[in-house]
Each structure stands twice: as C-alpha cells, then as structure tokens.
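Chain order of the listed sequences is E and Z.
Residue numbering for the first sequence is 62 to 366, as defined by our numbering.
Residue numbering for the second sequence is 400 to 649, as defined by our numbering.
Keep in mind the hints are simulated off the structure, nothing from the lab.
Among the hints, erroneous ones may be present.
Now the in silico label distances, taken between C-beta atoms and shown as ranges [to be verified]:
#	chain 1	residue 1	chain 2	residue 2	range
1	E	R186	Z	G595	56 to 64 angstroms
2	E	Y75	Z	R439	53 to 61 angstroms
3	Z	A620	E	Y75	51 to 59 angstroms
4	Z	G425	E	Y75	46 to 54 angstroms
Note that the Cβ used here is the ideal one computed from N, Cα and C, for glycine as well.
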Amino acid sequence: MRSVIQVSGVRKTYGSTVAVDEVSFDVNDGEIFGLIGPNGAGKTTTMECIEGLRKPDRGAISVLGLDPFRDVYKLQERIGVQLQQAQLQKRFKVWEAVDLWASLYQKKAIDGERLLEQLGLIDKRNAWFMNLSGGQKQRLFIALALINDPEVVFLDELTTGLDPQSRRAIWELVRGIRERGKTVFLTTHLMEEAERLCDRVAIIEHGRIIDMDTPESLVKRHCPERTVVLATDDPSAGERFRAIPRVETVTCSGSQFTIRGKGDDLVTEVIHCLSENRIRVTDFRTILPNLEDVFLKLTGHSIRE
Amino acid sequence: MMLRGLWKLTWIELKIFMREPLGAFGTIGIPVLVFIIVGRVVGRSLTPSALAASNFMTVGLPVLASVLIAVSTVLSLITIISIYREGGILKRLRATPLRPQTILTAQVVVKLLLTAATLALMVLAGKRYYPVGVHPPLFGFTIALLISTWSILSIGFLIASIVPTARFAQPIGALIMYPLVGISGLFMPVASMPPGLRAAARVDPLTYTVSLLEGIWRGDAWSAHLGDIAALVVVFAICTALSAKVFRWE
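When you get a sec, could you build the whole thing from the sequences and use the hints?
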C-alpha cells in the first residue's frame, strides 16, 4: 500500500520541554489513522509538524512527497486541516467562511452549497459563527477542511466537548471522508472514538510512540484476558467453572459468577461446560478488553488520569 | 501570490467589523463626536472674531481629532489581533495557502479604509456643525493622515505582540499610545518643552504625525515635510522588522 505520510525520528522541544521525541510512523493511502494518547502527550505537536505549521528540531517528514515546512504552501493546496480549539471571527457567516476558503486555493473548490447540505449546515448558512452550537462549529470546520477536495484530511480532537449524539454524527461524516477515497489523520484522547473510527492507531505518551497497529491487533497482543459474566442458581456451577482449563479465577456474588481467563477460546470453553453439565443460566455476557485496557496495560495508568 | 485572497479577506473583515455593535461606533463615532462637541463648547466661549483667529479652533482641534482617529484605529488593530490570536483565528487562517503577510495586510487595509471613512465623516459633520469655517487641502490632508496611520499601525503590531491576553489589549495599547499623543507637540510646541521631554518628543512617531498633519492642514508644500515623512517611513521599517521577529501567531 502506498504511504502518503512518512514521519521518521521527529523530535520537537519547547524550551526545555521535550514535546515529541523519536516519533516515526507511516500513514497509508485511504486509511483513517489515529494518533491516540492523553492530553499533553504530543499529539497536536506531531500533527502540526506534519501540517507544516511547526518545524521539528530533528527528523524527517514527507507528506504526499512534499517537505511540509519547506513546501508549506504547495502542501496546503493538497491537504485539509481542522485545528484543535480553533475559532472563527464571531460574526463571520457560515456561507462567507466557506466562500472565502473556496477562494484561497488555486484549484477549483468543490461546490460549497452542496458541502453545507451534506454536512447538515444548509439551514445555518446565514448564521454567525458565534451562534452555532459546538457540533455545528465542528461541522463547519470539517467543511472548511474539505472545500479544496484535499488528498489528506487532518482532524485534531474533532469531537472533544461534543455531546454523544453529535459525536456519533461526526463519526459518520469522518467515515464518509474515507469513502471518498481520502486519507484521514486524526488525533483523539477518546479510546472509543479511535476504536470505532480508525483503521490503525499509534499510541503516544510523553512524546513517544509506544505501540502501533490496528485496534484489534493491539488488543489481541496486549490484552488476552477474557471475562464471562453469567447468572445461575445451579449449586455445583462454581466448582465446574473452576475446572475449565483456561479459567484463572471465578468469583461469585449471589447467583452471579465472574469467570476470568486468557485467550479467545475461553468463551467457547465456558459455553461447552454449560451445555455439558446442563447448567441453566439466566444471564450470559462477555466482557472483551478494548483500547482503554491496552493503554492501561502499556502505561500503567488510565488515559483520563 | 501575495494578492490571492487579500481583497476577499479585506472585504470580509470589513463586513465583520461593521457588524460589531460597539466596534464601528467606537472607532468611527468617538473622534467625530469629540471634534464636534469640543468645537461647540469652545466656540460658545469665544467672540466671532476671536474664534476665527483661534489657532486651536482652526488648526489644533481638527488635527487633534485626526490624530485621535489614527490612534483609535491602532487601538482597534491591537484588540483585533489579540482576540484573533487568542481564539486561534490567526492560526486557522495560516493553515491555508494564505501568506502570513496577506493575513496582516488585510487588517491594515481595513484600518486605512476606516480612517478615511472617519475623516470623511468628520469633514461632513464639521461643515454642518463646526463653528469655524476652515478650508484645508482635503485630498492632501487625507493622504497625510493615511501615511501617518499606516506608519503607526506598525507600532500597533508591535504592541499586539507583547500583550499577554485579549483582555489587556485595549488598556495596554491605550497606556502606550496616549502618552505618545501627550508629548507629540499637540498640546505644547516641541520647541518650548523642557529638554528631557523634548528628547522624548523627538523619538515619538506621533510628533512627526502631528507636524505633518498641521503643516498640510495649513497648506504647506509637501516638500517642507519630507523629514516628517522620512521619520514615519523609518518608524514603519523598524517596527515591521521587529514585528517580523517577535510577532506571535498563537
């Protein structure tokens, strides 16, 4: 697969603070790539170096074959950018912003009105920026990032501060960007967002990338634990569960059992045990580890701390 | 390339500025009001013949009002730049093919247009309400005011670089600009100032602004004020060079 972004050995310091160090990764054509980590981990700095807004102290970056810092204007023609916590002028009207942005690029912009329609902003085309809701503002920023029909779209903490409903709507839009054949590079500190959206993620902490892969592979590699929670009144159940080969612990409170073990086969083994011993259950669910658990495992703390 | 987006950005900035309920009034209205009200108050206390002979009424006040136009333009620039920086607006505009100097030039063009508009309003209001009829060379005076404003706007960019947050923009700007107005020779001729103050006045860009504006208002030839213009160009060059080093986009 062709890579559209190549980052190797990038380091950036602010005074004596090292923001990112030895950061290297490639982003492939047509994928949604997520840089995930807690606030202050170096996500935005990395992204802004790639966008040509900052100059790294060391290391090499190539985006669409261009040097982002030296060829920044050529690069801006071909990428779309949404910045973290950016604002527009308070009394800037939605259509005016789209119209201005459309005029800034050499190549012909895409139809702004249609874009607003697709993003559900057409009713707001005459509204001032200051009167838009958080979700509408972010949708406008997506419109501005897409107006030049870019090859790569950068989204920095796109859904931070949005309610769950707007967040889901935005996720749908981002998937739509990929479906148009564009590459998406995003940062987020929301593990659920990364898991739902990203084809591949790189986990960054204290300015360094600690692992990188598809979300499923990361979970598989770092968190083989599986948990089954079930409810039964069968008096012999506890003993039978403990006898399952892969089971490590079984805890019981009232009629509810929590069975922990390792490996994908654990669930099959538990089901097998239930049917073999004709144990009647009134509840059965599995708890699978997610990226949040991967992060905890790799760093020793939760991403929200 | 420099011009790509400049006119559109300027036009939009102008529209946005006019939508500010207080911005437009504060920048355009206040100098005109000061001019008319002070003119009426002083005018009432003088006899008609004293009025016509009053240097303050025929030259001093019109030039003072014009300097106020320039200063309020600069203060408004400082405020806008710091608000735009704080809100990430400057950064967002930079993440486009726009050149950084285009983004800032649009602000300068907007401010110069507002300066010209305010002066025009002052002239119109003056014709109707001002107690003394004065007939300065209006075209030349407009050019002189635009050159002055253009020059001291570069100080504005420098001040905008040092204000910590948008909240402090207006007070810090005023704290720097009004003393400069005070020692500019508007209220006391530079020649009759005590030596220390005179030295300060010599490096005050507004001294050259006042000298240029008064001269052109009185009908002096431009050739008599080449020194003032040179000083204003030097101010622009120094402040722009410094701004290029210290200007903060975020």
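Against the structure, the hints come out as follows:
{"no.": "1", "hint": "R186/E with G595/Z: 56 to 64 angstroms", "in the structure": "60 angstroms, holds"}
{"no.": "2", "hint": "Y75/E with R439/Z: 53 to 61 angstroms", "in the structure": "57 angstroms, holds"}
{"no.": "3", "hint": "A620/Z with Y75/E: 51 to 59 angstroms", "in the structure": "55 angstroms, holds"}
{"no.": "4", "hint": "G425/Z with Y75/E: 46 to 54 angstroms", "in the structure": "37 angstroms, violated"}
Of the hints listed earlier, the one the structure fails to meet is number 4.
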